[in-house]
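> Use the sequences and the hints to build the structure in full.
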Amino acid sequence: MVNWVAIIPLAIFLIIIFLIGIYASKFVQSSQSFMDEYFLGGRSFGGFVLAMTMAATYGSASSFIGGPGTAYTQGLGWVLLAMSQVVTGYFVLMILGKKFAIVTRKYKTLTLVDFLKVRYNSSVVVILSAISIIVFLFSAMSAQWIGGARLIESLTGISYTAALFIFAVSVLIYVTIGGFRAVALTDVVQGTVMLFGTLILLIATIKAGGGISNIIQDLHAENPNLISPFGAEGTLTPTYVSSFWILVGVGVVALPQIAVRAMSYKDSKSMHRAIIIGTIVVGFIMLNMHLIGVFARPILPGIEIGDKVMPLIALETMPAWLAGVVLAAPMAAIMSTVNALLILVSSTIIKDVYINYIRPDAPHQTIKRMSIGVTAILGVIVFIMALDPPDLIIWLNLFAFGGLEAAFIWPVVLGLYWRNGNKYGAIASIITGVGLYSLSDLLPTLLPKYSDVFQSFFNPFGMHAVVMPVVASFFVYVIVSLSTKKKIPTELKPNF
Amino acid sequence: MQNKKHNVNKVANREALIGVGLVIFNFVWWYGFAYGLGSKDPEEYKYIVGLPDWFFYSCVIGLIVMIVLVIVVIKVFFVEIPFDDEEGEEK
Chain A
1 MVNWVAIIPL AIFLIIIFLI GIYASKFVQS SQSFMDEYFL GGRSFGGFVL AMTMAATYGS
61 ASSFIGGPGT AYTQGLGWVL LAMSQVVTGY FVLMILGKKF AIVTRKYKTL TLVDFLKVRY
121 NSSVVVILSA ISIIVFLFSA MSAQWIGGAR LIESLTGISY TAALFIFAVS VLIYVTIGGF
181 RAVALTDVVQ GTVMLFGTLI LLIATIKAGG GISNIIQDLH AENPNLISPF GAEGTLTPTY
241 VSSFWILVGV GVVALPQIAV RAMSYKDSKS MHRAIIIGTI VVGFIMLNMH LIGVFARPIL
301 PGIEIGDKVM PLIALETMPA WLAGVVLAAP MAAIMSTVNA LLILVSSTII KDVYINYIRP
361 DAPHQTIKRM SIGVTAILGV IVFIMALDPP DLIIWLNLFA FGGLEAAFIW PVVLGLYWRN
421 GNKYGAIASI ITGVGLYSLS DLLPTLLPKY SDVFQSFFNP FGMHAVVMPV VASFFVYVIV
481 SLSTKKKIPT ELKPNF
Chain B
1 MQNKKHNVNK VANREALIGV GLVIFNFVWW YGFAYGLGSK DPEEYKYIVG LPDWFFYSCV
61 IGLIVMIVLV IVVIKVFFVE IPFDDEEGEE K
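Chains as they are written, first to last, in this note's numbering: chain A, 1 to 496; chain B, 1 to 91.
Watch out, some of these pointers could steer you wrong.
[To be verified] Now the in silico label distances, taken between C-beta atoms and shown as ranges:
hint, chain 1, residue 1, chain 2, residue 2, range
1, A, Phe-475, B, Phe-77, 30 to 40 Å
2, A, Leu-447, B, Glu-80, 52 to 62 Å
3, A, Ile-212, B, Val-20, 42 to 52 Å
[To be verified] One-sided excerpt, in silico: chain A residues whose CB lies under 10 Å from chain B:
hint, residue
4, Val-5
5, Ile-22
6, Lys-99
7, Gly-249
8, Met-271
9, Leu-416
No lab work stands behind these hints: they were computed from the structure.
C-beta atoms are modelled at their ideal positions from N, C-alpha and C, and glycine is treated no differently.
Here it is, written out as structure tokens:
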């Protein structure tokens, strides 16, 4: 059955997003430097826009660790885990910081790969990183696309294919015509919806459950572990939970879709404001969103599918029209990830592959037509994949974030702050990071007999599988850079 | 020119170190309260505004403390520097 009352707020939300896309496309049309505008919004963003676009892009990273649905099953222990994401609010901008802003301006770099190219002067680094970005983020994008369509389907009652079509067309149009500026400005709307949507829903849930004390006592009566930091079955060990500080906390600095935002701001002042606003916004979205999941449990026991917790609790605790407004929040989260990934993959193909290796002398008009064309074609391919998703995509998506972090964290961070880091170190570090991270899943599946051995190797002390590759690739980067130090003449070392 | 570049680097390096320091502090606070108070038997938890004390201090107060710290650090230690040091090259 089609649920009209919930459709209207969603439709209004989509119309606002469209209008922003059209507004942003004016900048693209009139810009002197097309690529700078289309892929980076002309580096003109102030503090508020910067904070919101970063928060909206992180906010959705959490949907891959299950978000409110897992909090519903695991209890407060999962909220504790989710709070490790507060770090991203200040850490990314502080670490990449002013140095990244200055270097990327000086060399007019538009993408993370561009920066690596300038820093390491190596086509192997460029090709390896471009491939990792295209493969991992393409899969992540398809998976988010599927999530967006399922949400529309469950909320409005229209079929999966029709929902996917609506979702894909709306994202595609504004990203294609408006470029990065449209993405960032719609992120402001989406971030705001996420912040207030989760806040309203949290309050409604607390009211429906008869107050916080009552809810906590109900949880305690059902299973005391739900209010402990260890998860419903006592399986969330301190080392496991702490290792998420790398996966969804400090490691986020190496995600290309996040790093590119650290090039897009206007001046120091915008950066300072963005750090403050970003910490507040990320912190409250994470706390609210996951608490909703936990608090929903005594009110609506027995939900089997985690993704349904948010829609069901919203429809249970508030009038249908308000639920429609609030449920624009998870949709906003998905859209803001998809749009970030779409523009990023497109910029990787155009800037890092096409202009670097295929046609360095391409005229302005060709680049413009290519950029818009590639963005549109990518969207169509993702749409087709999402209609009937291949298993490989699902698998790659699970790996996208950890894989990219393991690949890029040291080449980016040490590349910025350590003069002696060089291309050999970077290549070795990327291969080690991605290789070990993929093996950590592949080997136990292929050779189940030795899974205990692999377990203690890839997940020491029960840590998440991202930790070992990140640590290993650090040592590889440092050792290889030091042992090949003489191969790089001093004048080729970075002077920033 | 050289002197200016040197200064910019110094500012940038110091601010990155501050970021690392904040993360360490944040982690210690989060971990200390969560597992320090939360490792008891759930029957012995104390409650503050309805929430178990470990959660209240680690996640709720922890978030507020971090927001205040970030604001203070930005206002006191972060320096505003111009990003385009080579003028005339910009189109």
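> Taking the hints in turn, state whether each one holds.
Structure-based check of all given hints:
1. Between A:Phe-475 and B:Phe-77 the C-beta distance comes to about 31 Å, which sits within the given range of 30 to 40 Å.
2. Taking the beta carbon of each, A:Leu-447 and B:Glu-80 are about 56 Å apart, inside 52 to 62 Å as hinted.
3. For the hinted restraint 42 to 52 Å between A:Ile-212 and B:Val-20, the CB-CB distance of approximately 35 Å leaves it violated.
4. At its closest, the beta carbon of A:Val-5 sits 33 Å from a beta carbon of chain B; the interface hint therefore is violated under the 10 Å criterion.
5. Residue-level restraint check for A:Ile-22 is violated (minimum Cβ-Cβ distance to chain B is 27 Å; threshold 10 Å).
6. Hint status for A:Lys-99: holds, given a least beta-carbon distance of 4 Å to chain B, under 10 Å.
7. Because the closest C-beta pair between A:Gly-249 and chain B is about 8 Å apart, less than 10 Å, the hint holds.
8. Interface hint at A:Met-271: satisfied, since its Cβ lies 8 Å from the closest Cβ of chain B, which is below the 10 Å cut-off.
9. Interface hint at A:Leu-416: satisfied, since its Cβ lies 8 Å from the closest Cβ of chain B, which is below the 10 Å cut-off.
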